[in-house]
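Trainee: Once you've looked at the hints, dock chains B, D, L and C with the ligands against the given chain G.
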Amino acid sequence: MKSKNITLIILGIFFLLFPFIIKSEYYQHLVIIALMWVVIGSSWNLLAGYTGQVSFGHAIFFGVGAYTAGIFVTKLEISAWWGMLFGGFAAMLIALFVGWVCFRLRGPYFALATLAGSEIIRLVATNWESLTDGMVGILIIQSFRSKLPYYYIVLGLAAACIYAIHLLMKSKWGYYFVSIREDQDAAESLGINTTLYKNISLLISAFFAGSAGAFYMNYMAFIDPHVVFSLHYISIMAILVGIVGGVATIMGPAVGAFVMVGVQETFRSAFFGVAPRWISEAHALVFGLLVIFVIMFMANGIVGDWGKIKRVLLGTRPSA
Amino acid sequence: MLEVKGIDVFYGDLQVLWDVSFHVDQREILVLVGANGAGKSTTIKTVSSLITPRKGSIEFDGVRLDQTPPYKVIESGLVHVPEGRRLFSLMSVEENLIMGSLYGEAKEKRFATVEKVYDIFPRLRERKKQLAGTLSGGEQQMLAVGRGLMSLPRMMMFDEPSLGLAPILVQEIFHMVKRVNEEGVTVLLVEQNVKQTLAMCNRAYVLENGRIVLEGEGKALMDNAHVKEAYLGI
Amino acid sequence: MPLLELKKLVKDFGGLKAVNEVSFQVEKGEIFGLIGPNGSGKTTIFNCINNFYPITNGDVIFKGKSIKGLKPHKVCHLGIGRTFQVVKPLARMTVLENVTASAFCRFNTIREAQKEAGRVLEFCNLNTSKEKLAKSLPIGSRKRLEIARALATRPDMILLDETAAGLNPSELDEAIDLIRRIRESGITILIVEHIMKLIMSISDRIHAINFGQTIAEGSPKEVADNPAVIEAYLGEEYARS
Amino acid sequence: MTVFLQTLVAGVLIGGIYSLIGIGMTLIMGVMGIINLAHGQLMMVAMYITLVLFNVLHFDPYISLFVAMPCLFLLGVLIQKFLLNPLMKIESILPENQVLMTVGIGMVLTEIIRFIFSSDYKSVKTPYSSSAFFIGDISFSLPMCIAFGVALIFTGLLFWFLLKTDIGRSIRATAQDKDAATLMGVNTGRITVITFGLGSALVAAAGSLLLPIFYLFPDVGGPFTLKAFVITILGGLGSTVGAIVGGVVLGIAESLGATYIGMGYKEMVGFVIFVLVLVFLPGGLKRLTKI
Amino acid sequence: SFAEDTIKVGIVLPLTGDQAKFGEIEKLSFDMALEEINGKGGIKGKKIELVIEDDTGRPEVGRSVVEKLITKDKVVMIGGGYSSSVTYAVAGVCQQNQMPFLINTGAADKITEQKWDYIFRLNPPASKYSASVEELLAEVIKPKTVTILHENSLFGTSSAKSFEKSCEKAGYKVLLKQGYEAGGIDFKPVLTQVKQLNPDVVYMVSYVMDAALIMKQSKELKINPKMFIGGAAGFTLPEFQQNAGAASEKIISATLWHQVLPFPGAMDYYNKFKAKFNKETEYHGAEAYAAAYVIADVLNRTKSLKNEDIKKALSETDMMTAFGPVKFTNWDKMTNQNKASSYVVQWIDGKLEMVWPKNLAAKPFVFPVNWLKVWGY
Ligand SMILES: Nc1ncnc2c1ncn2[C@@H]1O[C@H](COP(=O)(O)OP(=O)(O)OP(=O)(O)O)[C@@H](O)[C@H]1O
Ligand SMILES: Nc1ncnc2c1ncn2[C@@H]1O[C@H](COP(=O)(O)OP(=O)(O)OP(=O)(O)O)[C@@H](O)[C@H]1O
Ligand SMILES: [Mg+2]
Ligand SMILES: [Mg+2]
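Chains as they are written, first to last, in my numbering: chain G, 50 to 369; chain B, 1273 to 1506; chain D, 2 to 242; chain L, 2 to 292; chain C, 8 to 384.
Honestly, I wouldn't trust all of these hints.
To be verified - One side of the interface only, derived from the structure: several residues of chain D facing chain G at Cβ under 8 Å:
{"hint": "1", "residue": "ASN51"}
{"hint": "2", "residue": "ASN109"}
{"hint": "3", "residue": "GLN115"}
Hints were generated in silico from the structure; no laboratory data involved. The beta carbon of each residue, even a glycine, is placed where N, CA and C say it ideally should be.
Okay, chain G solo, but in the shape it has when bound (with noise of 0.2 Å):
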């Protein structure tokens, strides 16, 4: 229990002190992009790992907060960090029908009904041009020249949204999500709210890819439907990030948010720039490789199976 502290609060210094120790400012990059997935995949976690709601559609609450935020600036002109706080409740509010539509599904309907809604939305997106500007896209004038700025914010944000989901899960919701997640009926017969609670869980989880979304918009400046809507780049994303790094554990969504985008970033670079050329052209097979191997023989994750993978990488066998 100590050392687990220990290892946290070193974690949290560092992260505190990330920027002033690596300068560079592709590095801090990657690192917010990284720190905005560690906050899209735990809020898919809360949903899917914590709640069994396995969301296809996180792209939906994602790209409301992204124009919510890029609405703020086009239409009523004030400030997109505006979006930073209405975005995640925009999202709240889009999840409210999306929850009263989709959870009268259960398990793989669940997850088509969310996929449907996104598309859906993304082609809303598209065609509404009076209010989103369709796929010409909304842009805005960044606030800060230097990246400080949005480190601390995103990881404010992220760190904020592992810490409430942890206290989640430790109070009766949590205790009523996971009831859920085992078996829907048993949970409604103890007295459980099951709509209710699916209902809170999502629009928790919304209100934090919202917020993300919001972030994204003020961060890249520049959005339009397919960016913020995307089925393989934000929702399937979401899912890996929370299964490579392991569903229904606290950490396990922030690790594979770096794992993720690490791995991406890698391959895209061709080990930057080490490893000939032809790799980078790879790294979308190597990304779909990925998902194979982990589903294959990581099914619960680094974090989930981190016995599994010591024992492998210490070459010891499991006592019998």
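Mentor: Same frame as chain G, now just chains B, D, L and C with the ligands:
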């Protein structure tokens, strides 16, 4: 007919059976008795090759079942009526029965056998088009047994066939097991209903914590002090 | 006033009348047995009481108020706990967590809920398996876990659906003891069971149904001697023995 | 009126193609319960096979059908045997792992094809590619009519196969309870493998028939995967007749949507129907028609 | 390689993902130009090294790429920029770091409307693609009614919008304007509507395969306007003609570039590309090819490899390329924007011919056209 020799069985790292040996003779009714979790179902599952033993051998009429893939076991004339019925819940009653007769002679005589099963369980005939999943517990049990009969087996293994059945049906199930046996089918029966099973069987084994602790004729075991205390509640 | 009253309860499954105008009253503090051949509609009646299935017709009155149409979790909060014939453990939670989750029904903090859970587990003799995952329990313990979970919601009434199926005679005695102790703690019991030794010895009154319709009601002895019950359910052999 | 009729005809015909894509899915998803997000990618592979046969051996796509189907059968068999079946033994918290696996498979297939063929658009040009005949004012595209006919034939065959043959029953039995099927003498491993193979072969047929009408690039599969889901859910899981009805209904709905709401909303119509059916008509059209 | 011997230039392109096809053409064109430039001795004895990185079509990845190019590879300037979203993200970083960025494809108008002095754009913004078609309409076709179909991409939407505006200005009635998701199989529903409306001009902004499908299906439906006009490069590619067959005949299209244009090296580039890579190239490739030459020219002229000097050299650019003249000026609301013109080409007897502007025309514009006869009905 069936010869189990010294099997050790594990679920993952957890050992459930220790050096279990027993044999079933032609045409007899053999009963396995044991408390909850003693490993009765595990034994049956191992015999029907769903689980592979780490040690020991299982031979049925000269066929090494522990080296036979599970789906081939039924072709050797041995059928397992599983615990908890395990029906094909989205298929109709009749289709479930047909699924019991996929190979050889059973396939040729399929439709005659279906009628025979309906005669044994008229309730099933009434519901032949209903989906198995919507049957009540008892109806499902009848169907599970009927499905087993469809393969025209030489030996049947029943895993708690009376579980959850009304007394009137429990009687029927036992009658039926008897009848099946009288028609020349060897029976291996696992039951909690110790009194009745011991009364009707030829021989029995008592399984405790994964080990065979007693063996003997049914009537003899009924008089055994340990059995009386632990299983008959006397 | 009866604690629970069924008024001409009807449940249709697309043409099939699984329950057809069944009425009975369960008094506070009694053990009320419900028997009937397989498929006669017992589990369906349970599912109608806590509204896993919507009722086709009729009414269910609990503590003087209709609970028709209330969501299952509301029914639980009103004080009806239930078990499932096909057990539904929260498989990848420990036994303690299973019961704690249900204790949250009456307690809001984790400490109180865990304390309550500990108490209930003790009561059900599950203390030794506290830290085991629910999925690793043998079937007998799983059935007891069902009961423990229902008890942890502090019900006034509990519905037990074949919680003794698959137990051998000595285990059966433990189960009977447990059910008696539950009643002694002031909880009314509505029980479905096929094991005559159990149901006949502990029930105050028994209600027998067949094809979804009432065929008899009365004391265990009355019901056991009822020709309709013998014909439909017990069988001649049982009656003779 | 002409606009309406032409829209309707266009919808029905495109529905034929959709049905073909849906039939494979209904087998894999509806019957086996495997959610296959690589379905469209499998079709894409079949299209490339058809293309190569056309370019190298000058095979007509309708003949290549008989090559592409076995090839995809084999590919499906390999995928099921080496990637999906092993998953059943792995215990994980979310059963949806299997879904993600197919996402990975889809990505790998796409990227391999991109490696071989680059991202360029490809197409085959046949004499009948753009031939049409007229009934009154309404034009009927010939290749689409052929695809429609083939869809009908395959539906009939599959319907019969699943309901009336022992392998068909074994397929359904395996989907519902693997262990029980094993006890009844079904080699469940082989059955799942065959089923996935068959589903892949069916979508291969769709690919070969689509090629003369459409064109080809490595990412062509994705949207069709989604369409296949819509069709399968709309028609009712596991219902072969449902697949064809679902395909045609989707085709008509999209066409009407394109005409009367706006071309940009065409895809959306499908998804909205999808969600509506999932929520308000669970079981799909199968529930209405009872087939 | 030794840092002293080479000058590193970063190129940001989508080499995977759904835009990879075009990224690939541009990459090959850059490589080809690089070989030529270095083959002729490079820049003042040094060779240019292009560090081409994959942006995967995602803005945040594009940003990773450019941060890496700047901080790790220490490039002296950056080129490329395919999709608008990535281009914008990259431009933002470049401006912040005062890193000269020569855009050759990213077409959103807004990119050069930010008053960013380090950002230069070789290609015209999306809204200016149809200028010459508008001239042709006014002078020859003189339509009364128009229908517009466009793909729902940034390029499709904004060029359709600007075309609609100019139609309104010219007094043509726009009967229908519909966007569609690229990659559809069946355009008949919307084409049936077009047929019913019977416009004088059908204007389509589509990429090559959609373009071929739309024309084939128009032929199936016997749509009969005065003219079918393509608003984008899709209608100028050989694949369009191969796929649409007879349905491509006499179609006209706006284009930014075509190998038949009388620019020095245009036809050479096309032929060389085809010979070397055994596939077709089109205007995206030409843009990249020209950009490489602009980069070489700038590096030749710059006083030093300092960012400021390169920026200055860029802004003084005034040269002829295979893509046409390149000169960066400030006009409308834009900064450092090259004023490339657009042209009209027509498929005549299976060959693409330049027909507008008149002074550059290789063949006279065929008009009016009896479509049913052309299609062989
Ligand atoms: N899949 C499994 N994984 C791990 N342990 C298991 C599994 N199935 C059974 N066990 C354990 O193996 C032991 C024997 O179980 P088995 O089902 O064979 O008992 P049984 O005698 O049939 O009991 P019952 O009367 O309850 O049916 C039990 O302790 C049980 O918990
Ligand atoms: N969801 C359902 N759909 C259709 N029919 C159903 C459904 N559930 C139950 N039935 C039917 O209703 C009848 C009553 O079933 P129920 O499960 O209530 O019986 P039961 O009395 O509990 O039997 P058992 O003692 O075997 O558990 C049965 O005939 C069953 O087939
Ligand atoms: Mg057992
Ligand atoms: Mg029941």
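Trainee: Once the shortest beta carbon distance from D:GLN115 to chain G is found, is it less than 8 Å?
Mentor: With Cβ-Cβ at 10 Å, over 8 Å, it is violated.
Trainee: Hey, does the D:ASN51 contact hint survive, CB to chain G under 8 Å?
Mentor: 6 Å, holds
Trainee: Minimum Cβ distance from D:ASN109 to chain G below 8 Å?
Mentor: Given a least distance of 6 Å, the restraint on D:ASN109 holds.
The structure fails to meet hint 3 from the earlier list, while all remaining hints are met.
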